[in-house]
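*Asks:* Given the coordinates of chain G, work out where chain B should sit on it, guided by the hints.
Residue numbers (my numbering), protein chains in the order written: chain G, 2 to 224; chain B, 74 to 285.
This list has only true hints and no planted wrong ones.
Covered by chain B, according to a simulated footprint, are these stretches of chain G (three or more residues, beta-carbon under 8 Å): (1) 146-160; (2) 168-178; (3) 201-211.
Covered by chain G, per the in silico footprint, the following chain B stretches (three or more residues, Cβ under 8 Å): (4) 187-193; (5) 197-203; (6) 217-224.
Derived from the structure by calculation, the hints contain no laboratory data.
Think of the CB as a built atom: it goes at the ideal place given N, C-alpha and C, for glycine as much as any other residue.
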Amino acid sequence: MQSSIFHGIKLVFRKEFLAGMRCKAAWAAIFMFALTTLSCVSLALQGAVLEPKLQAALFWMVLFFSSMTGMDRCFAEEEMSGTFLPLRLYGAAQAVLFGKMLYSFFLLLVLALFISILFFILLDVGSVSLPEFLAVALAGVLGLSGAGTFLAALTTGAGVKSGLFSVLMLPVILPVFLPAIFLTGRVFGGDSMPFSHLGGMLLYDLLLMVGGSVLFDYFWYEE
Amino acid sequence: MKYLSYLIPMLTVLTCYLVFAVVPPAEGLGELVRIAFFHIPLAWLSVLAFLMSAWWSAAYLRSGSMRQDALSACSAKLGFFAVLLATVSGAMFSKLTWGSYWNWDPRQTTIFVLILIYGAYLTLRAALPNPRKRARTSAVYSLFSCLTVPFLVFIIPRLYFSLHPTPVLNGDGHVDMEPVMLATLLLALLDATLVYVWLLFHAVAKEDPHEP
Chain G
2 MQSSIFHGIK
12 LVFRKEFLAG
22 MRCKAAWAAI
32 FMFALTTLSC
42 VSLALQGAVL
52 EPKLQAALFW
62 MVLFFSSMTG
72 MDRCFAEEEM
82 SGTFLPLRLY
92 GAAQAVLFGK
102 MLYSFFLLLV
112 LALFISILFF
122 ILLDVGSVSL
132 PEFLAVALAG
142 VLGLSGAGTF
152 LAALTTGAGV
162 KSGLFSVLML
172 PVILPVFLPA
182 IFLTGRVFGG
192 DSMPFSHLGG
202 MLLYDLLLMV
212 GGSVLFDYFW
222 YEE
Chain B
74 MKYLSYLIPM
84 LTVLTCYLVF
94 AVVPPAEGLG
104 ELVRIAFFHI
114 PLAWLSVLAF
124 LMSAWWSAAY
134 LRSGSMRQDA
144 LSACSAKLGF
154 FAVLLATVSG
164 AMFSKLTWGS
174 YWNWDPRQTT
184 IFVLILIYGA
194 YLTLRAALPN
204 PRKRARTSAV
214 YSLFSCLTVP
224 FLVFIIPRLY
234 FSLHPTPVLN
244 GDGHVDMEPV
254 MLATLLLALL
264 DATLVYVWLL
274 FHAVAKEDPH
284 EP
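Next comes chain G alone, as it looks inside the complex (with noise of 0.2 Å):
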């Protein structure tokens, strides 16, 4: 049993990755968002140095809303394509569920690591602690996606689709958003990052996880 799901996550991971790879504007339509907004504000700038809470805000918010234009696809095209019946029906939620999770970690990793280049590059970010900032977007991205998979499948069916992914997920990220930017601020400004607050998002992320997890059969298995 355990090992069926497992499987299960792989294949649905598989099948995710290959339409990703199979479509790729959606995946262009992503990084473009990040890239034309952080050369908006580079411009807007004009190379003055902004204050390390400040980036780190601004370092969040972009991630954030690219991230938005991305995630809420992953159930939507299902339903667009015809394919989420079918997969309501052969597919065990729980193996959808983190497949497509793993899928959406996957993604916006790539992403955070694209946008972090250009960020640092562009925005002109002093010497930073590479492991903490690595361990605060690695707990930032696994609170996204945990939590936007499970709010991707929440959309499907609904009347209106532009913005409703981003209304429902934003009161149950802040939780993430607001620790991630008060850690990043600190590595960017040199501080040394309180661990007990890294804990916390992680602890967060895994109660959203388990929280969706636990739902999501209430979701998937509709009589």
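*Replies:* Only chain B this time, still in chain G's reference frame:
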């Protein structure tokens, strides 16, 4: 419910009389303390309605009864109304005492997150045309959004500095309030809770319980 229709107006009049004629000006806050007798019950209602909405959402997922869904939705609507009024009264109090309407105080952040959750829940309901799907999906979202509660209660107050007065029941477990003020506040809380109960069941009774 019939008795509540008579009891609530009497309690409301009594509470208003106590707030404006009996409660003395508070030390440091003066006459502004009277805002608190409306603000605190509204903030209490915002949280109560949120938790009750989640409770009925869980009940809906267990039973599939549309009445539970109607209770959850009505509770959220009342909570949304209460949270907006609590925000406005709190902002007025903040402007008059600290000089600005909004400064992202931990409690302002908490109430802002509550506004976002209520707004998201009601938007989700409005966006789903199928009643059964609407009930199930919004119940799942309502419970999922409850995961933020530990963060709002334990993490936010440690992240940000607060100007907000200490709670009525402070950290040491002592009640830091004059007896007449405390009695008036408890009466106002009871009144607000009864108004919530009356409005909730009145609104749900109007809806057709046999609706699919």
